[in-house]
Amino acid sequence: MRLSQASDFALRILIYLGQTREPQTVDKLTSRLRLSKSHLMKLVAQLARLDLVETTRGRGGGILLKANPETIRIGDVVRSFETDLGVVACLKQEPTECVFLPRCALKQTMAGAADAFLDYLNQKTLADMLLGTQKIPN
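For the sequence shown, the numbering used here assigns the number 153 to the initial residue and increments by one for each residue that follows.
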């Protein structure tokens, strides 16, 4: 299973904000995480809608981790950013023409594998990621 860049980058943003624990400017985040400004802004907006980060405009403002790292489950973050977790054609959002549908053991097996993947990720929190990740030097 391959995750989208959005999931990958959203997790990186959360890890960095969890490490710094103080408001970060958009410019600093783009520089430290090597992301484009437009991509970062979209991801931060979605993280704010999920109530995971707080954004404050103006002097002294910035982007700050809002939620407790121990309550942020990695699988929930991934699920929020993934639009298509279908690992085979019949699990994708677009209709498929498969001769084995509607009754196919492969579809059930792959759906179970995707669920198991997310369940495993939900056993891990942002706090776990912070413990095992090196800090980006200033």
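Careful, some of the hints might be misleading.
Simulated pairs of lysine-lysine, DSBU-like, Cα-Cα distance not exceeding 35 Å [unchecked claim]:
no.	residue 1	residue 2
1	LYS218	LYS194
2	LYS259	LYS287
3	LYS276	LYS218
4	LYS259	LYS189
5	LYS259	LYS180
6	LYS287	LYS180
It should be emphasised that the hints constitute simulated quantities derived from the structure, not laboratory data.
Evaluation of the provided hints:
1. LYS218 to LYS194: Holds, because 17 Å separates the two Cα atoms, which is no more than 35 Å.
2. LYS259 to LYS287: 41 Å, violated
3. LYS276 to LYS218: 18 Å, holds
4. LYS259 to LYS189: 39 Å, violated
5. LYS259 to LYS180: 44 Å, violated
6. LYS287 to LYS180: 15 Å, holds
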